[in-house]
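Engineer: Residue numbers (the numbering used here), protein chains in the order written: chain R, 1 to 109; chain L, 1 to 112.
It is possible that part of the hints are untrue.
What the hints assert, rightly or not - Derived, one-sided and incomplete: chain L residues facing chain R with beta-carbon distance under 10 Å:
#1 Asn30
#2 Tyr34
#3 Asn98
#4 Ser105
Said to hold, decoys possible - Here are the simulated DSSO-like pairs of lysine-lysine, each with C-alpha atoms no more than 30 Å apart in a straight line:
#5 Lys42/R - Lys79/L
#6 Lys42/R - Lys96/R
#7 Lys80/L - Lys96/R
Don't read these hints as lab results, they were simulated from the structure.
All C-beta atoms in this analysis are idealised placements derived from N, C-alpha and C, irrespective of residue type, glycine included.
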Amino acid sequence: QKEVEQNSGPLSVPEGAIASLNCTYSDRGSQSFFWYRQYSGKSPELIMSIYSNGDKEDGRFTAQLNKASQYVSLLIRDSQPSDSATYLCAVRGFNKFYFGSGTKLNVKP
Amino acid sequence: SQTIHQWPATLVQPVGSPLSLECTVEGTSNPNLYWYRQAAGRGLQLLFYSVGIGQISSEVPQNLSASRPQDRQFILSSKKLLLSDSGFYLCAWSLGGNYGYTFGSGTRLTVV
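Construct all of the structure, not just a fragment, from the sequences and the given hints.
Structural biologist: See below:
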């Protein structure tokens with residue numbers, strides 16, 4: 001059973017701070033990793049994907065991947081109240097994704 | 001560009017009634033299609049996925065079924081709903097490979 005683990009939170013950060021969201025996965029052969037953001041009552045939306053070790057930056061978001069440690073993270077710089085949501089980590093398997101249970105982020109004004 | 005349509009947005013059904021949720025994708029061919037359910041405050045549970053017309057893989061044994069009658073159409077059904085079927089149902093598509101999922105807007109089902 002492939003597993004994706006996330007701290008459920010909530011993670012509370014003040015506005016303007018860096019939010020760090022973490023995810024570990026069990027399948028050492030995994031190659032593709034994704035972060036989704038889900039606002040309350042809405043469907044998840046893809047915000048980042050990463051396939052290679054290291055960092056990938058997109059605006060205020062940085063995804064970090066360490067395949068040796070089976071660890072993927074998402075950093076949100078200059079956090080805004082609008083970033084308050086649940087963040088889901090996903091790992092691609094054969095024909096399907098494995099999702100973590102999500103980390104709830106609260107950004108306080 | 002590709003779009004995914006899912007309807008209805010909300011649904012209230014009595015226990016024992018049938019269910020049919022439909023999902024269609026536009027702007028692509030031969031997508032992988034998925035049905036997920038999310039209980040209140042919980043994570044995503046994969047119910048079914050399909051990599052082609054008539055090909056359905058079931059992840060969780062239950063009183064739900066899925067069908068893919070056309071390349072870009074995915075239907076979730078039940079003959080008799082249970083209270084435990086309540087939840088947020090999400091359809092998603094992907095081209096496979098390193099492509100991510102794109103989710104539909106979801107159907108919030110309440111079984112009463």
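Engineer: Each hint needs a verdict: does it hold in this structure or not?
Structural biologist: Cross-check of the supplied hints:
1. Asn30: This hint is violated: asparagine 30/L lies away from chain R, its Cβ roughly 13 Å from the closest one there, beyond 10 Å.
2. Tyr34: 7 Å, holds
3. Asn98: At about 5 Å, which falls below the 10 Å cut-off, the nearest Cβ of chain R leaves the hint on asparagine 98/L intact, so it holds.
4. Ser105: 6 Å, holds
5. Lys42/R - Lys79/L: It holds: about 27 Å lies between the C-alpha atoms, which stays within 30 Å.
6. Lys42/R - Lys96/R: Holds, at roughly 21 Å.
7. Lys80/L - Lys96/R: Judged against 30 Å, a Cα distance of about 28 Å means the pair holds.
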